[in-house]
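S.K.: So you can see what is in the structure, the chains are spelled out below.
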Amino acid sequence: QSALTQPASVSGSPGQSITISCTGTSSDVGSYNFVSWYQQHPGKAPRLMIYDVSYRPSGVSNRFSGSKSGNTASLTISGLQAEDEADYYCGLYTSGGTQVFGGGTKLTVL
Amino acid sequence: QEQLVEFGGGVVQPGGSLRLSCAASGFTFSSFAMHWVRQAPGGGLEWVASTRHDGSNEYYVKSVKGRFAISRDNSKNTLFLQMNSLRAEDTAIYYCAKDIADSYYMDVWGRGTTVTVSS
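Read top to bottom, the protein sequences are chains C and Z. Numbering of the first sequence is given in the working numbering, commencing with residue 12 and proceeding in unit increments. Numbering of the second sequence is given in the working numbering, commencing with residue 14 and proceeding in unit increments.
It should be emphasised that the hints constitute simulated quantities derived from the structure, not laboratory data. There are no misleading hints in this set.
In silico negatives: residues of chain Z with every beta carbon more than 10 angstroms from chain C: (1) S30; (2) R32; (3) S34; (4) S38; (5) P54; (6) R80; (7) S98; (8) R100; (9) T127; (10) T129.
Keeping only pairs whose Cα atoms sit at most 25 angstroms apart, straight-line, the calculated SDA-like set for lysine to any residue is: (11) Z/K78 to Z/A36; (12) Z/K75 to C/T36; (13) Z/K78 to C/F45; (14) C/K79 to Z/E59; (15) C/K55 to Z/P54; (16) C/K117 to C/G70; (17) C/K55 to Z/N90; (18) Z/K78 to C/G114.
Every residue gets a Cβ at the ideal spot worked out from N, C-alpha and C, and that includes glycine.
Here chain C stands alone, though its shape is the one from the complex (with noise of 0.2 angstroms):
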């Protein structure tokens, strides 16, 4: 399977923007639309947040938002707000059924 490569930790303060990135390569992240971002507060299930590369699920904030570009997909956070703190993963569903996830991004909002 798939690695998909994502910054360890980014912070910001409220009312910042920060993004994050999920990089692959032109078979994976490149070559298709599948691409989603979970969140995770500690100790809890994790949530969708962004499905499809930009699409969001009900009920999600529409300060969270998603993009690709080349073999880079990024979740991006306007507005930040204290309880945006958590983990981050970016998804992908590649060929064959298979799915991976990135490493993980830390968010602090300082």
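Using the hints, position chain Z against chain C.
M.R.: For chain Z alone, coordinates are given in the frame of chain C:
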């Protein structure tokens, strides 16, 4: 509301077996693909296995292929993960997750059940 509850975790010796169950409620279980995802202590998420809404196809991460088997009983709204030949590296919280349809995105998650492989 939509809910998933996992059962069956525990402590098992290397080489042993466990069967995890996931009881679903609040939605039409037979209409959705289902997934197992695990998280090792202090680690990230790892997709483990998926099954289509009708159980017609099964998919596995390479590290568990041949040792784990995902299955479902749509008449009982239950998902299973049979885990054989367990290794220390299988130690993790195992989450059951519902798909948004019959695809690859997980919109409802259980609280997880802990599997510890240790002698």
